[in-house]
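To convert a position in the sequence shown, counted from 1, into the numbering used here, add 4.
Hints were generated in silico from the structure; no laboratory data involved. From the three backbone atoms N, C-alpha and C, an ideal C-beta is built for every residue, glycine too. It cannot be assumed that every hint is accurate.
[What the hints assert, rightly or not] Each computed BS3-like pair below joins lysine-lysine, with the alpha-carbon atoms no more than 27 Å apart: (1) 33 <-> 82; (2) 117 <-> 33; (3) 54 <-> 12; (4) 12 <-> 71; (5) 54 <-> 8; (6) 13 <-> 71.
[What the hints assert, rightly or not] Ranges of calculated distance between the beta carbons of each label pair, as one might list FRET restraints: (7) 126 <-> 54: 50 to 56 Å; (8) 65 <-> 12: 19 to 25 Å; (9) 129 <-> 27: 31 to 37 Å; (10) 69 <-> 98: 18 to 24 Å; (11) 128 <-> 11: 45 to 51 Å; (12) 40 <-> 95: 25 to 31 Å; (13) 59 <-> 120: 47 to 53 Å.
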Amino acid sequence: MRIKWQIKKKRGNFRPSLNYTITLESFEKNLAIHSVGVETQIPELPSAHKSYCLPGENERHPLWSPKRFHWIQVPYFKTGRVSEFIRLPFRESRDYPEVEESFRELRRIYEEKVCEAYGQSPFEQNGSLDITPATQKQVAARVTADRLMGLFGMAHGKEMSDKTPGAENGFFPGVG
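Using the sequences provided together with the hints, build the complete structure.
Listed below in structure tokens is the structure:
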């Protein structure tokens, strides 16, 4: 799994944005691993639809503390790729250690799943069943008897009727 991210902020009171892409390696896609996710320490922002935060408002207020946090997750194995955007809180320090920590945690959990799935080695199992000797013996005797009866104009132990084609001439199929 490859994770790439970029944090960009415009000059002024604009909030930074986190853009990231997670791409699965082809062997990971072939393992059919269910997507895993983690709750990050990246706070969900009040008024997150706003690209800016003025001094003293929201996360720039001295008493502000986050109530909820973002989730990030590995892409579904059939698509193998996800690109997302998260608006980050405005910080004078420009320091966002929770971003890398969150991606590291996601990677750790996902790699556990990869190792677990990779341990499930492939196999092939074949089988067949045939008629049992007892049934074969019983059926073979009946088949042989039916063939012999047919040769002598008997069907299942009964004499063939006069309506059998060729019976009027004393001719029975299979008897020459």
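* What are the numbers of the hints the structure violates, in ascending order? -> Structure breaks no hint.
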